[in-house]
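Undergrad: Those protein sequences? They're chains A and B, same order as listed. Just so we're aligned, residue 122 is where the first sequence starts under this note's numbering, counting upward by one. Just so we're aligned, residue 122 is where the second sequence starts under this note's numbering, counting upward by one.
If you're looking for bench data, these hints aren't it; they were derived computationally from the structure. One or more hints might be untrue.
It does not matter which identical chain is used: a pair holds within one copy or between any two.
[Claimed, not checked] Cut-off 30 Å, straight-line C-alpha distance, at most; resulting in silico cross-link-like pairs (DSS-like, lysine-lysine):
hint: 1; residue 1: K404; residue 2: K524
hint: 2; residue 1: K524; residue 2: K126
hint: 3; residue 1: K126; residue 2: K254
hint: 4; residue 1: K214; residue 2: K254
hint: 5; residue 1: K375; residue 2: K126
hint: 6; residue 1: K249; residue 2: K214
hint: 7; residue 1: K249; residue 2: K129
hint: 8; residue 1: K249; residue 2: K126
hint: 9; residue 1: K375; residue 2: K254
hint: 10; residue 1: K375; residue 2: K129
hint: 11; residue 1: K126; residue 2: K214
hint: 12; residue 1: K404; residue 2: K129
hint: 13; residue 1: K126; residue 2: K291
hint: 14; residue 1: K530; residue 2: K249
In this text, all values refer to a predicted model and were calculated from it rather than measured experimentally.
Number of protein chains: 2
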Amino acid sequence: MSAPKQHKIVLDESEMPTQWYNIVPDLPAPPPPPLHPGTHEPVGPADLAPLFPMDLILQEVSSERYIDIPDEVQDIYRLWRPSPLFRAHRLEKALGTPARIYYKYEGVSPAGSHKPNTAVPQAYYNAKAGVTKITTETGAGQWGTALALACSMFGIECEVWQVGASYDQKPYRRMMIETFGATVHRSPSELTQAGRAYLAADPNHTGSLGIAISEAVEVAASEPETRYALGSVLNHVLMHQTIIGEEALLQFAKIGETPDFIVGCTGGGSNFAGLSFPFLREKLAGTMNPHLRAVEPASCPSLTHGTYAYDFGDAAGMTPLMKMHTLGHDFVPDPIHAGGLRYHGMAPLISHVYELGLMDAVAIGQSECFAAGVQFARTEGIVPAPEPTHALAETVREALRCKESGEEKVILTALCGHGHFDMAAYDAYLGGRMTDEPMSEERFTAALATVPVLSPQAQSGVMFS
Amino acid sequence: MSAPKQHKIVLDESEMPTQWYNIVPDLPAPPPPPLHPGTHEPVGPADLAPLFPMDLILQEVSSERYIDIPDEVQDIYRLWRPSPLFRAHRLEKALGTPARIYYKYEGVSPAGSHKPNTAVPQAYYNAKAGVTKITTETGAGQWGTALALACSMFGIECEVWQVGASYDQKPYRRMMIETFGATVHRSPSELTQAGRAYLAADPNHTGSLGIAISEAVEVAASEPETRYALGSVLNHVLMHQTIIGEEALLQFAKIGETPDFIVGCTGGGSNFAGLSFPFLREKLAGTMNPHLRAVEPASCPSLTHGTYAYDFGDAAGMTPLMKMHTLGHDFVPDPIHAGGLRYHGMAPLISHVYELGLMDAVAIGQSECFAAGVQFARTEGIVPAPEPTHALAETVREALRCKESGEEKVILTALCGHGHFDMAAYDAYLGGRMTDEPMSEERFTAALATVPVLSPQAQSGVMFS
Chain A
122 MSAPKQHKIV LDESEMPTQW YNIVPDLPAP PPPPLHPGTH EPVGPADLAP
172 LFPMDLILQE VSSERYIDIP DEVQDIYRLW RPSPLFRAHR LEKALGTPAR
222 IYYKYEGVSP AGSHKPNTAV PQAYYNAKAG VTKITTETGA GQWGTALALA
272 CSMFGIECEV WQVGASYDQK PYRRMMIETF GATVHRSPSE LTQAGRAYLA
322 ADPNHTGSLG IAISEAVEVA ASEPETRYAL GSVLNHVLMH QTIIGEEALL
372 QFAKIGETPD FIVGCTGGGS NFAGLSFPFL REKLAGTMNP HLRAVEPASC
422 PSLTHGTYAY DFGDAAGMTP LMKMHTLGHD FVPDPIHAGG LRYHGMAPLI
472 SHVYELGLMD AVAIGQSECF AAGVQFARTE GIVPAPEPTH ALAETVREAL
522 RCKESGEEKV ILTALCGHGH FDMAAYDAYL GGRMTDEPMS EERFTAALAT
572 VPVLSPQAQS GVMFS
Chain B
122 MSAPKQHKIV LDESEMPTQW YNIVPDLPAP PPPPLHPGTH EPVGPADLAP
172 LFPMDLILQE VSSERYIDIP DEVQDIYRLW RPSPLFRAHR LEKALGTPAR
222 IYYKYEGVSP AGSHKPNTAV PQAYYNAKAG VTKITTETGA GQWGTALALA
272 CSMFGIECEV WQVGASYDQK PYRRMMIETF GATVHRSPSE LTQAGRAYLA
322 ADPNHTGSLG IAISEAVEVA ASEPETRYAL GSVLNHVLMH QTIIGEEALL
372 QFAKIGETPD FIVGCTGGGS NFAGLSFPFL REKLAGTMNP HLRAVEPASC
422 PSLTHGTYAY DFGDAAGMTP LMKMHTLGHD FVPDPIHAGG LRYHGMAPLI
472 SHVYELGLMD AVAIGQSECF AAGVQFARTE GIVPAPEPTH ALAETVREAL
522 RCKESGEEKV ILTALCGHGH FDMAAYDAYL GGRMTDEPMS EERFTAALAT
572 VPVLSPQAQS GVMFS
């Protein structure tokens, strides 16, 4: 009898990393700073104080390489972390590939995705600063669930504006958010100026992520002990997610492997950054040489089809301007099932890393992604969320390229969540009702025209820094 | 800074137990045998051959203390096993109890419950015997999901009859079963004689577990290479689940604790048996002395309100007669949210252990259970399935008794699955729409009248053995 195949590389709680990694000081050039939307000058900590507690603002602009994870945050992380690293033996066999496929699985978190990795520290720092309520937006509901969970742990009130269409179509996510004790509003709502304006124009408005952000930001800015939380895009959010990659490094060291190819899906970018940045540190230091690839949906391809420019983070133009790959802040992607990837922009830090040539990206249509998701479920057992099926589709492509070439590549993919609340998408795919229309160039062109035109100095992003 | 609290006691794959435990040879008296429904004589292996492969039949009647888990089954178990044992620090704190509360969490399985522990070996032994299709019934869908997953791993066709009411109300579970490649029929269906008879009487029949069993059994018995699988009740099913308790024993040994009080919910009984039987072995051997308590729903209290007698396993009276605690095979419990606990009988082995005085039982209404489930979600993070909220309700009661008495009891509870597909139940609870009507004595009395009257010799269950 041969030795049994190892499926999971697990770490004990005592092996959990105790610091987050900030990639900024290790990059060959600093990322362009965010600009004030009125003055086009770099925003300072004071500009952000109405929305975020100072500890998070300082993390946002930090140049420290490592930041200690507070004990209180570690204590909650340990409810599910360290998360397992899996070797996908059964998928490899089904593909007939010589590649060795590994996936880091974040669906073991109580919210079912990687989102609690940042929701917990965000709730912690807010609680520490005396904040009594946090507002946020949510689309499909992963982020709202994670923040509701985190707030329940620290006794903070949590108020979530959920995109109307998702609120109507996916009631289970709302129910889960409420089970954790948070309040959910259908957006647009009558509770904010922004919401009332949209409802006045259309009483049956189904909402958008941009509108929901505007509502959550409006309430946070207008109440003294209320702050706002964002689930991706910002530097501190990406940094909190690096615990994923730090754990994966320890897990690979345990089995004496190093990844050749790291692939993750990108919406705002925090999942991909969380897994890949610690490996990018090793690449920059010359200790390993993985190829990094982001996968975006064909209907929202900010890296592969957007422009690199300063743009707003929200649809209404209320946020600071961030230099990023953007499809234009007015861009409304088709209603694909991977709701978590339907964001017009890309995290400034990911955009910067992309511009530096340290990673590449591909865009894939959703039918190919769901095909990979079903194959994964039937071999590895886990039903993936629609978002990471994008990473799985590229994993399958790379594994088949290895089959062709005979290369025994080590592939690492980010399985950032399970699909238990997305079964209707699988039903549509299996029932032959999933559409995969390519976006028209006209829609891209029209949306890109909404990117604000800045002076050349401001656009360079370096004149004030 | 004090040492961090350990939340999870994890085992490496190499530490996974490699044998199931059969409690039968360790019991002070043998359990009464199942009887043929026609002759009232003990059934032999040949009687069961149309429904089950011989390996499973031999396990059903085995007197071996340990049975090796085949390598092929271990290989699939390792996709999620060993499962974690958690210390519920945050729940303890919320309750202010000196008790130390541990929970063994089976929701980490791809199907979200303990059910794959037996679905995988059942599929394996069927595949080994050349069976090409397995039929089964499912209510809420946990068992159907697990068997579909297991069949996909061994390339066996899987056909599931789902209780009509659940099929209509919980489409996500059907979709998950289909994602694993199985076929789902709404029961009663036009595909079987039994189904057609019920539909002729009522074209809109919403079905019952008993009817779905009849349909699945009818198809299995009529096709040469098709067999049937049951998700609880039978000896071999309970034995497959003992891997839960064997792991927990290893995990307690790692931290130098022994449980004083073990509590689990009981529907058919496999979850409770799986966790508690290995500890009961230790109790019988005198190496530890845990108190075992089963929790059943107030609306389906077979142990606390049923009679101990030979009765049918299904509503239509097609199965062998089993000596068990039963409410009568015609008993239709109220439609509570814990669908997995709505079974008229109790596993013969659990019933026997109960009669031997080795465990006790309580019945709890669902509102108290959901209150405990919400408190658990908001402290420990995991949203429990409705079934294990029954165990949690009794865990909370015991922890509060310890608060009163000052006892530092070690409580171990079976958290047999997550509630991701049961959010509507939480919504009903949080929205104040959950009813908790006590069952009328008239209904109990009427149902008990359906228990067949056997001769005293047959009822004693020992005349032929």
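Undergrad: Now tell me, hint by hint, if it's right for this structure.
TA: Hint check results:
Only within a single protomer do K404 and K524 lie at most 30 Å apart by alpha-carbon distance; the minimum there is 26 Å, versus 55 Å between protomers. Taking CA atoms no more than 30 Å apart as the test, K524 paired with K126 passes inside one copy only; the shortest distance there is 21 Å, against 46 Å between copies. Proximity of K126 to K254 under the C-alpha cut-off of 30 Å is restricted to the inter-copy arrangement: shortest distance 28 Å between copies versus 48 Å within a copy. Taking the closest pair of Cα atoms, K214 and K254 come within 30 Å of each other only across two copies (23 Å); inside a single copy the shortest separation is 50 Å, beyond that limit.
Taking CA atoms no more than 30 Å apart as the test, K375 paired with K126 passes in both settings, with 15 Å inside one copy and 24 Å between copies. With identical chains, the CA atoms of K249 and K214 are at most 30 Å apart between copies only, with a shortest distance of 20 Å across copies and 50 Å within one. Proximity of K249 and K129 under a CA criterion of 30 Å is satisfied inter-copy only: 26 Å between copies versus 36 Å inside one chain copy. In this homomeric assembly, K249 and K126 come within 30 Å of each other (Cα to Cα) only across copies, at 21 Å, whereas the closest approach inside a single copy is 46 Å.
Proximity of K375 and K254 under a CA criterion of 30 Å is satisfied in neither setting, with 42 Å inside one chain copy and 41 Å between copies. Within a single copy, K375 and K129 get their C-alpha atoms as close as 11 Å, and across copies as close as 20 Å, so both meet the 30 Å cut-off. Taking CA atoms no more than 30 Å apart as the test, K126 paired with K214 passes inside one copy only; the shortest distance there is 13 Å, against 40 Å between copies. Taking the closest pair of Cα atoms, K404 and K129 come within 30 Å of each other only inside a single copy of the chain (25 Å); across copies the shortest separation is 33 Å, beyond that limit.
When the C-alpha separation of K126 and K291 is checked against a cutoff of 30 Å, the pair qualifies neither within a copy, at 39 Å, nor between copies, at 37 Å. For a Cα distance limit of 30 Å, the shortest separation of K530 from K249 qualifies neither inside one copy, at 45 Å, nor across copies, at 34 Å.
When held up to the earlier numbered hints, the structure conflicts with 9, 13, 14 and fits the remainder.
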